[in-house]
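Protein chains in written order, with this note's numbering: chain A, 1 to 535; chain B, 1 to 408.
For the record, the hints were derived by calculation from the structure and aren't laboratory data. You may find that some hints are simply not true.
[Stated by the list, open to error] When the alpha-carbon atoms are kept at most 25 Å apart in a straight line, the in silico DSS-like pairs for lysine-lysine are as follows:
1) B:299 to A:54
2) B:362 to A:127
3) B:178 to B:226
4) A:84 to A:54
5) B:362 to A:84
6) B:226 to B:70
7) B:362 to B:184
8) B:241 to B:191
9) B:226 to B:47
10) B:33 to B:47
11) B:299 to B:184
12) A:54 to B:184
13) A:188 to A:253
14) B:397 to A:84
15) B:47 to B:191
16) B:184 to A:3
The residues making up each chain are set out below.
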Amino acid sequence: MPKLTIDGKEIEVAPGTNLIEAARALGIEVPHYCYHPGLSVAGQCRLCMVDIEKAPRPTIACNTVASDGMVVSTQTERVLETRKSIMEFHLINHPLDCPVCDQAGECWLQIYYMKHGLYDPRMVDEKVHKPKAVPLGPHVILDAERCILCSRCVRFCDEVTATGELGIFDRGDRSEIGLFPGRELENKYSGNVVDICPVGALTDRDFRFQVRVWYLDAAKSICPGCARGCNIEVHVNRRRPHHAQGRRVARLKPRFNAAVNKWWICDDGRYGFGFVDDPSRLRSPLRREGGQPLPVAWDEAIAGVAGALTRHPPAEIGVIASPKMANEDLFALRRVLERRGAAQVAFVVPPRVPGDEDKLLIRADKNPNTRGAELIGLGGDTAAILAAARARRLSCLWIFDHDLLDAGWPEAETRAALGAVETLIWSGPNANATSALARWVLPAAAWVEREGTFTNFEGRVQRFRTAVDPLGEALPDWEILGRVLTALGEPTPAARAEHWFRELARSVPAFAGMTYQSIGDTGQMVGTTREAARA
Amino acid sequence: MTGERILTRNFHRADAHTLAAYRETGGYTAWEKAQTMEPTAITEEVKKSNLRGLGGAGFPTGMKWSFIPKNHAGPVYLVINADEAEPGTFKDRYLLEREPHAVIEGMLIAARAIRSSVGFVYIRGEYVEPWRRFSAAVREASEAGYLGGGFDVVVHRGAGAYICGEETGLISSLEGRKGWPKLKPPFPAIKGAFGAPTIVNNVETICHLPHIINRGAGWFASLGTKTQGGTRMYSVSGRVKRPGVYEASVALTLRQLIYDLAGGVTGNGRLKAVVPGGSSAAILRADEIDVTLDVDGLKNAGTMAGSAGVIVMDETVSIPEALMVVARFYAHESCGQCTPCRECTGWIYKITERIVEGRGRKEDLDTVLDVARRGVGTTICAFYDGAVGPYISYIEKFRDEFEALVTK
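Construct the complete structure from the given sequences, taking the supplied hints into account.
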């Protein structure tokens, strides 16, 4: 373990650690553009210069491995002067289109100019002109003039996705990034090049010009797009609701988690939040009479659902839960079922189209909480429940967030099953063909509108937090289920999802000992606490 | 005065490029001898000879070889840098065209010293005739059994980029990538072409080896100065009566080269300035030419021997215009990888062009000097440091000419 000194502070780092990371571990920022911990070292931007004792001139920190006894200074006059010069060189040909550039507020040219530049510009000649607003693929647009040729995007496509769409063409100050002939930037992770672009060269076609970043709020969350559970930030537009046609979720960004997704998320996940503000969202509980949906108050809907659960014999009640529901919801549901003694519950519904999978992040299971549903014990045979319904052995069926008519089953058979039950209850955020047949429709809050936890395919329990308020009268599933439980005579004090998680940790051995605090921002594996080991 | 010609001794023969002619003059006897020597003995001999790299950097050749890891398992590559593209430099093409077997024999000797079984010759793409001649010689040497019995030569043509003559840029290009220089460390001797230990030697450097082996390190060292042995080839161009390639000791002075060998100054006959080592060498004024042309002699004079491309300017030459031309070249050829080089070569070219066009401002001169100095030593390769040689020296040594333009 090499021990070195940076700006007078001693630190021991893992062998192979470069000086940027070693300094970072001490809370010392070495400015850089081309270096990214998830990519190979390029050493091109030349900004991360530091002074190393006895070296004749400043050295780039990204390509210098910490060694024992090294004495590094990040703040000598020579380093500061070099940095300032390099900043000037970076900006020689960079257009001053900050007022219209959508990277404003997140541009490292701006940030470093203020921190390390602050010189008077000496460049009076015409800048080099390059292509502007060139679509590279379905999600990314290029402004070549703003590019500082850090090559992060090129290395990402070479090294992370191994798709190699991008290259740097021409030479000298005419150099520009671009697509190889006949190629498009359409790999499944293309949006990440926007995240790693330190300037406004690569912007997101979905997000650009929607809202300025300083109007955004961020909430730590988990992508619900598949069983991986990538850590994300949900950026929401609460302070400028008139922007972006009132779209509340502005964008999703990956949040670093070394154990799950590192720095990346896939495009399906990144752009998969459209359902949150989609017109299909259910805004209030509905009661359907003679085919007509009638908005009703929550009290009436809860009473109706609880009444149905009481009226129908437990043996005739079937429940199809969803692996899109949070652990808290699933546990509250388990309590409802236990209260009524209903035993026919399942959650696995085969998708109409099989999910794709790759070696990087994407999982074939497009549900965020299959593992959680298994551990909470809601596994069962969905097909058998539908068959029972078709055979009129079920009189009440409660479906959570599935469109069974758009699943991997013959539609006519499913329709027959749904038509055969006396009381069909449906819960979920968005209306679909199945909800259209339900007698009671309960609008559930989308995942960004509430908090909770998902358990990913590896058994990592991860928290997601509230980013926006529920739309209309929608409520989190755990709250709907809690109200139903109260109506069934078991009052619950739950005002927060955390209550249900505590209950879950008390009841299900895999979760024993876990708390929201212990899960933290990076998650916790099931069965890893002392309590779980004992259980 | 100029002593024995070694590399160019057969240049007068029309058939010098053939195997028959090469053998007639003792060709491949050094290789016979080298085969009886231990590899380390060859390296020691080359070290003692004071042979220094003649492509531009002037690094001691034997020492470079000794950086190859001992007992390395796996391939070791020898790469010959024949990407001759420095303006003012045109010596290697003569060796490739007229003495291609000397290149091959030198490669055989070097390969034995560094235990390499494959040698790549990276020839500048524009050098069509040298490529033809050299390729034909490789065929002859293969048929005669010099190649193919433990050492093979692969001829690779560049696609026309100056930076592909830079050691690691050349390796990138050879590997099939964009000709971008690589970060060091690792150095090529540790991790070079295709990840293997690699030695990159210049054409002229390699051609000296047969003579060192045949006639001994002491003889070779005695031809030059204390720190550099042998002769070298000078390409002389510009305002001289007899432009061309001259071979002479590295102890020759620049004045001797211009007046005694190249016949003196043409144009208005009055010498104004000389660039002694290819376009990236700092310029010398007419009163600074009594310097020896060895690596250290020119270094002490504040310039460099470089590739020994000597560009002569008479008094009718406009130094600002000359700088603009050089600046245009470096702006055109910067690979674009590192920010200071990519941005400043272009910027400085724009400034020099503006000055020459009469739109210069007084502060421009100091801006160029300041930018040039700030960029030195901040990049991956030596390209920008090379470009800075002319930027600074042309303005410092001929500032009055620039000032006359910017005060107009």
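Right, here's what the structure says about each hint:
1. B:299 to A:54: Given pair residue 299 of chain B, residue 54 of chain A holds - Cα atoms ~23 Å apart, limit 25 Å.
2. B:362 to A:127: holds, 21 Å
3. B:178 to B:226: Distance of about 40 Å is beyond 25 Å: violated.
4. A:84 to A:54: holds, 22 Å
5. B:362 to A:84: holds, 23 Å
6. B:226 to B:70: Distance of about 29 Å is beyond 25 Å: violated.
7. B:362 to B:184: Violated: residue 362 of chain B and residue 184 of chain B sit about 39 Å apart, past 25 Å.
8. B:241 to B:191: violated, 46 Å
9. B:226 to B:47: holds, 13 Å
10. B:33 to B:47: holds, 18 Å
11. B:299 to B:184: holds, 24 Å
12. A:54 to B:184: Given that 25 Å is the threshold and the Cα spacing comes to 18 Å, the pair holds.
13. A:188 to A:253: Holds, at about 15 Å.
14. B:397 to A:84: With a Cα-Cα distance of about 28 Å, the restraint between residue 397 of chain B and residue 84 of chain A is violated, given a limit of 25 Å.
15. B:47 to B:191: holds, 22 Å
16. B:184 to A:3: holds, 23 Å
The structure is inconsistent with the numbered hints 3, 6, 7, 8 and 14, although it conforms to all the rest.
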